[in-house]
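With the hints as extra help, turn the sequences into a complete structure.
There are 2 protein chains.
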Amino acid sequence: MFYKALFSLDMKKAHIISIGNELLIGDTINTNASKIGIYLTETGFSVDRVFTIPDDPEAIHEHISFSLSQADLTIVTGGLGPTHDDVTKRVVSEIFKCRLVNKKVVLEHIRQIFKKRGFKLSQSNIEQAMVPEVCDVLFNKMGTAPGMWFHLENRYLAVLPGVPYEMEYLMEHEVVPRIRNTFPFLDACVTEYYKTAGIPESTLSDHIGNLDEFVNNGVGVAFLPAPSGVTIRISASGENNEVAEEKLKFIRQQLKERAGAYIFGKGKNLKLAEVIGRVLNERNLSIAVAESCTGGFLGNELTNIPGSSVYMKGGVIAYSNDVKSGLLGVNKEDLENFGAVSKQVAIQMAIGVASLLNADIGISTTGIAGPGGGTTEKPVGLVWMGFSFQGNTFALQTIFSNDRLINKERTAATVLECVRRQLIGLHGYPYELKPNYP
Amino acid sequence: MFYKALFSLDMKKAHIISIGNELLIGDTINTNASKIGIYLTETGFSVDRVFTIPDDPEAIHEHISFSLSQADLTIVTGGLGPTHDDVTKRVVSEIFKCRLVNKKVVLEHIRQIFKKRGFKLSQSNIEQAMVPEVCDVLFNKMGTAPGMWFHLENRYLAVLPGVPYEMEYLMEHEVVPRIRNTFPFLDACVTEYYKTAGIPESTLSDHIGNLDEFVNNGVGVAFLPAPSGVTIRISASGENNEVAEEKLKFIRQQLKERAGAYIFGKGKNLKLAEVIGRVLNERNLSIAVAESCTGGFLGNELTNIPGSSVYMKGGVIAYSNDVKSGLLGVNKEDLENFGAVSKQVAIQMAIGVASLLNADIGISTTGIAGPGGGTTEKPVGLVWMGFSFQGNTFALQTIFSNDRLINKERTAATVLECVRRQLIGLHGYPYELKPNYP
Numbered sequence: 000m001f002y003k004a005l006f007s008l009d010m011k012k013a014h015i016i017s018i019g020n021e022l023l024i025g026d027t028i029n030t031n032a033s034k035i036g037i038y039l040t041e042t043g044f045s046v047d048r049v050f051t052i053p054d055d056p057e058a059i060h061e062h063i064s065f066s067l068s069q070a071d072l073t074i075v076t077g078g079l080g081p082t083h084d085d086v087t088k089r090v091v092s093e094i095f096k097c098r099l100v101n102k103k104v105v106l107e108h109i110r111q112i113f114k115k116r117g118f119k120l121s122q123s124n125i126e127q128a129m130v131p132e133v134c135d136v137l138f139n140k141m142g143t144a145p146g147m148w149f150h151l152e153n154r155y156l157a158v159l160p161g162v163p164y165e166m167e168y169l170m171e172h173e174v175v176p177r178i179r180n181t182f183p184f185l186d187a188c189v190t191e192y193y194k195t196a197g198i199p200e201s202t203l204s205d206h207i208g209n210l211d212e213f214v215n216n217g218v219g220v221a222f223l224p225a226p227s228g229v230t231i232r233i234s235a236s237g238e239n240n241e242v243a244e245e246k247l248k249f250i251r252q253q254l255k256e257r258a259g260a261y262i263f264g265k266g267k268n269l270k271l272a273e274v275i276g277r278v279l280n281e282r283n284l285s286i287a288v289a290e291s292c293t294g295g296f297l298g299n300e301l302t303n304i305p306g307s308s309v310y311m312k313g314g315v316i317a318y319s320n321d322v323k324s325g326l327l328g329v330n331k332e333d334l335e336n337f338g339a340v341s342k343q344v345a346i347q348m349a350i351g352v353a354s355l356l357n358a359d360i361g362i363s364t365t366g367i368a369g370p371g372g373g374t375t376e377k378p379v380g381l382v383w384m385g386f387s388f389q390g391n392t393f394a395l396q397t398i399f400s401n402d403r404l405i406n407k408e409r410t411a412a413t414v415l416e417c418v419r420r421q422l423i424g425l426h427g428y429p430y431e432l433k434p435n436y437p
Numbered sequence: 000m001f002y003k004a005l006f007s008l009d010m011k012k013a014h015i016i017s018i019g020n021e022l023l024i025g026d027t028i029n030t031n032a033s034k035i036g037i038y039l040t041e042t043g044f045s046v047d048r049v050f051t052i053p054d055d056p057e058a059i060h061e062h063i064s065f066s067l068s069q070a071d072l073t074i075v076t077g078g079l080g081p082t083h084d085d086v087t088k089r090v091v092s093e094i095f096k097c098r099l100v101n102k103k104v105v106l107e108h109i110r111q112i113f114k115k116r117g118f119k120l121s122q123s124n125i126e127q128a129m130v131p132e133v134c135d136v137l138f139n140k141m142g143t144a145p146g147m148w149f150h151l152e153n154r155y156l157a158v159l160p161g162v163p164y165e166m167e168y169l170m171e172h173e174v175v176p177r178i179r180n181t182f183p184f185l186d187a188c189v190t191e192y193y194k195t196a197g198i199p200e201s202t203l204s205d206h207i208g209n210l211d212e213f214v215n216n217g218v219g220v221a222f223l224p225a226p227s228g229v230t231i232r233i234s235a236s237g238e239n240n241e242v243a244e245e246k247l248k249f250i251r252q253q254l255k256e257r258a259g260a261y262i263f264g265k266g267k268n269l270k271l272a273e274v275i276g277r278v279l280n281e282r283n284l285s286i287a288v289a290e291s292c293t294g295g296f297l298g299n300e301l302t303n304i305p306g307s308s309v310y311m312k313g314g315v316i317a318y319s320n321d322v323k324s325g326l327l328g329v330n331k332e333d334l335e336n337f338g339a340v341s342k343q344v345a346i347q348m349a350i351g352v353a354s355l356l357n358a359d360i361g362i363s364t365t366g367i368a369g370p371g372g373g374t375t376e377k378p379v380g381l382v383w384m385g386f387s388f389q390g391n392t393f394a395l396q397t398i399f400s401n402d403r404l405i406n407k408e409r410t411a412a413t414v415l416e417c418v419r420r421q422l423i424g425l426h427g428y429p430y431e432l433k434p435n436y437p
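One line per chain: the protein sequences are A and B, in this order.
Using numbering that gives the first Met the number 0, you'd call the opening residue of the first sequence number 0 and step up by one each time.
Using numbering that gives the first Met the number 0, you'd call the opening residue of the second sequence number 0 and step up by one each time.
Rather than coming from a laboratory, the hints here were simulated on the basis of the structure.
Certain hints may be false.
No distinction is drawn between identical chains; accordingly, a pair holds when it is met within one copy or between any pair of copies.
What the hints assert, rightly or not - Quick list of in silico lysine to any residue cross-link-like pairs, SDA-like style, CA-CA up to 25 Å: (1) Lys140 - Val379; (2) Lys11 - Tyr192; (3) Lys103 - Lys114; (4) Lys377 - His60; (5) Lys119 - Arg277; (6) Lys140 - Gly373; (7) Lys377 - Ile398; (8) Lys11 - Leu422.
Okay, here's the thing in structure tokens:
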């Protein structure tokens, strides 16, 4: 509901046209359109339409013509491959009333790629080097299909391959720079993403409270929830960067005052494991994981970070009770008396893995991931998390949902958020957790 | 490239309209459109357009009117929430020239939900119970916003909330049954998904060869590639189910003859770990994992399957060499002489984890996940996988890409495909693997 404030009437309009039957049938989710939406929004455009249309010359002709008449900028993806369904180039050359011509630099690039792979060039590969005469070629380092940039009076059109990483490469290196050159008068738009983990959206929203009074005149705030945590997006636009920045500064300050303790960092793709990794590296500390209910998810999160082998000793996936007692040294009587999902077992797992792998920090998870296995006393979603910080031990408990995969993801996010808070000396735990010191 | 054959000119056309600024800005990926695309394709419609448009009354009016004039069926999602941006209902009542009226059954439903949560009904909540007079209410058990079904001569329109699980509930329980009643003469369309893992799309395509001669007259084949494997989708339509089934049977047979050995099962959401779990359960076998480069990903895949605790003993994330030698018993000299990424270490890790966790099967991964850490001799993407099957041991090697996360995912998929092949006595390994028996 905060989005509206982000748009103003005098913004330049952009359309996105996604070509491909696989998108209409539902076999492929249209991630390209949202990625392009982010690029365009950040360069100050108002994205006004996304048209998803079939690999059909008539539909392509109709929609590109329509968008050229309505939007200042149109980005088209798809239909540039070597197969017979890929007709975009032919249609565009009709719209711009020009021939398809061979571009030597493109053909040479395609030739090199095929040579490297040891394949022979076919006629359809050679045709990939043909482009409408009036376009600027957007040189595609990531694949064989060239991108294209057109203009017709004061309307602009970019045609890009549908392969996601090729599209992204061309947007970033070719299209965005051209947009900035072509529309230097655009309102500056600044956007920042702040990341939280282990806190439900409603709790976060309670802490932040009502921002309505600040959200207007080109300033926006949005919550983007995911099982691993809520991302907060703030943005502001203004006639130049200074004005936009000034507006953003104010909303950023409000956000930090109200919810700073819950924010682990800045950046849309920042991972909590990365933040923790940085602190562990700085302090020369090592970590190890003992996973029951998360079954490897937590280790995977930590090892997704390049260079994590410096501080990540490894872990034990202790799925069976035998492994918990035999390998991690959990007391068999405690397993019997309190059950595998208990404070006692969580703490002993954390201590056990730290000692076994000779790590400074041991963390553990044990819970009922679901969908089966719950009782009235220990329902599906009940999770105990154990922590051993250089001898200082504690455990936390929470109840998540009935969904096995979401429970694994939320457990890992919550454990990592607790590690972060402990590392930076922030006491108090994410909401909904019941601390249980032994 | 095979998609075209799936469409025929006399099919009924459907449009999808997705309303929401968050979709245009790129904050939210439009997964609703692809899910609706699947529902519509399976009921025999040709999905002809997806329009993604802003929360703007004019745009909503323009596009719903356009789709009502062009498509036999239009599905609209979004803009039904309680906030002021949610204007879809007002626009639709204008298009159908009728009043918004209060529906008691809907209001009572909303009242119950709020009572259960202990909240007070606000005016905006009461307004959610208002619907255009001429619609059939699609009762929404999953939330407070009702769905709506309209018809205007022989054109049909469904308006649904944008919350994914509410949309899905209403599509499945309300919209699809109405479609089947309203369009009983529609061609039947049958679709099947076959899953493969650990085989690149190009290799699979080489095995299957040219299917062009079979792909026509309402029969389609498509490859849907992902790092974890390629899904093959076959579909057929005909005047009734028998005719469609007959066509599908033929293409299914061709597929199985040509690539049967690479298919691990049927079903779009089927996981390889589930198939392996079934076999392990049947044979009363247990498994354990020793993960270096996958860092927990492989264990996570196995433990994502409900009930996996029966056969999954657990594992060791052996990220540091100390853990490889200390815990898994890998020979220190071998680690030194051959390096951590080697046949010898992979096999000893597999043997070690099977013995340590007392499992029938031990599997291991060790590789250079990237982006750093490669050498000319051992480049980024080099992976060794070790296997110990009740004493029978071997290792396989391959080179994947430069992307750390994709390398983890592909490694896990390839290891699991090798386990499946070994379990069912299928010799030969997925393409690109170099078997190295010790």
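Quiz item: Of the numbered hints stated previously, which ones are contradicted by the structure, given in increasing order?
Solution: Result: hints 4, 5, 8 break, sorted rising.
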